[in-house]
Amino acid sequence: MSGLPYLNHYSPSLVEQIQGMLQQGKVQTYLDAKYPDKHHCNNDKQLRDYVMEIKNQYLKKSAPINKIQFDNKLHVVKNALGTHTYVSRVQGNKLKSKNELRVSSIFKDAPEAFLRMIVVHELAHVKELDHNKAFYKLCCHMLPEYHQIEFDTRVYLTLLEYNASAGNITLPKQDI
1 MSGLPYLNHY SPSLVEQIQG MLQQGKVQTY LDAKYPDKHH CNNDKQLRDY VMEIKNQYLK
61 KSAPINKIQF DNKLHVVKNA LGTHTYVSRV QGNKLKSKNE LRVSSIFKDA PEAFLRMIVV
121 HELAHVKELD HNKAFYKLCC HMLPEYHQIE FDTRVYLTLL EYNASAGNIT LPKQDI
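The sequence shown begins at 1 in the numbering used here and counts up one residue at a time.
Since the hints were derived computationally from the structure, they do not count as laboratory data. All C-beta atoms, glycine included, are put in the ideal place defined by N, C-alpha and C. Where hints are given, some of them may not hold.
[Said to hold, decoys possible] Okay, derived cross-link-like pairs now, DSSO-like style, lysine-lysine, Cα gap no bigger than 27 Å in a straight line:
1. 26 x 96
2. 55 x 38
3. 108 x 60
4. 67 x 98
5. 137 x 55
6. 67 x 96
7. 73 x 96
8. 133 x 38
9. 73 x 127
10. 98 x 133
11. 60 x 96
12. 34 x 94
13. 94 x 38
14. 45 x 133
15. 61 x 73
16. 61 x 34
17. 34 x 55
18. 94 x 60
19. 94 x 67
20. 94 x 127
21. 61 x 127
22. 60 x 98
[Stated by the list, open to error] Taking CB as the label site, the calculated pair distances span:
23. 40 x 148: 21 to 29 Å
24. 49 x 95: 28 to 36 Å
25. 36 x 94: 47 to 55 Å
26. 135 x 96: 22 to 30 Å
27. 140 x 53: 13 to 21 Å
28. 145 x 56: 20 to 28 Å
29. 10 x 132: 15 to 23 Å
Whenever a hint applies, use it, and build me the whole structure from the sequences.
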């Protein structure tokens, strides 16, 4: 493996440490010990219930989300683990806007904390469009250990890619 694309912005010593753990086969053990809980969102309805529970707890007064679903077309290599889109449509003389939230299907088999981190990230975009200080403050409000879980999610994605390139497992099919 010629690099760890999900860890590009971290210190070289940390990247080397993760690379060493990958080569020694210790990353899966680390992640399993730290995140033993799996989620039970296997379809779009369950994902919608999961997202709405978090939204209703933290963002009661925000705009409604009209569509929530897992998406096979999101490609993690293009940094799209989830998306929040704001669709505007003209209806008569009014402009109606609808929020849509999509989560990559790769998270159907991920630990619950990783799915929650993606959902929190995309929900934060309902209030804050840019990745600014207010955005990350909102993420940390909804998930206090947000930054650590984001890093571990990147380690998880690195492990999936590493295993796929080594022929150990295959990543879920991604439509491009």
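Comparing the hints with the structure gives:
no. : hint                 : result
1   : 26 x 96              : violated, 50 Å
2   : 55 x 38              : holds, 20 Å
3   : 108 x 60             : holds, 26 Å
4   : 67 x 98              : holds, 8 Å
5   : 137 x 55             : holds, 16 Å
6   : 67 x 96              : holds, 14 Å
7   : 73 x 96              : holds, 26 Å
8   : 133 x 38             : violated, 30 Å
9   : 73 x 127             : holds, 25 Å
10  : 98 x 133             : holds, 25 Å
11  : 60 x 96              : holds, 20 Å
12  : 34 x 94              : violated, 49 Å
13  : 94 x 38              : violated, 43 Å
14  : 45 x 133             : violated, 32 Å
15  : 61 x 73              : violated, 30 Å
16  : 61 x 34              : violated, 34 Å
17  : 34 x 55              : holds, 25 Å
18  : 94 x 60              : holds, 25 Å
19  : 94 x 67              : holds, 20 Å
20  : 94 x 127             : holds, 22 Å
21  : 61 x 127             : holds, 10 Å
22  : 60 x 98              : holds, 16 Å
23  : 40 x 148: 21 to 29 Å : holds, 23 Å
24  : 49 x 95: 28 to 36 Å  : holds, 30 Å
25  : 36 x 94: 47 to 55 Å  : holds, 49 Å
26  : 135 x 96: 22 to 30 Å : holds, 25 Å
27  : 140 x 53: 13 to 21 Å : holds, 19 Å
28  : 145 x 56: 20 to 28 Å : holds, 21 Å
29  : 10 x 132: 15 to 23 Å : holds, 21 Å
Checked against the numbered hints above, the structure violates hints 1, 8, 12, 13, 14, 15 and 16; every other hint is satisfied.
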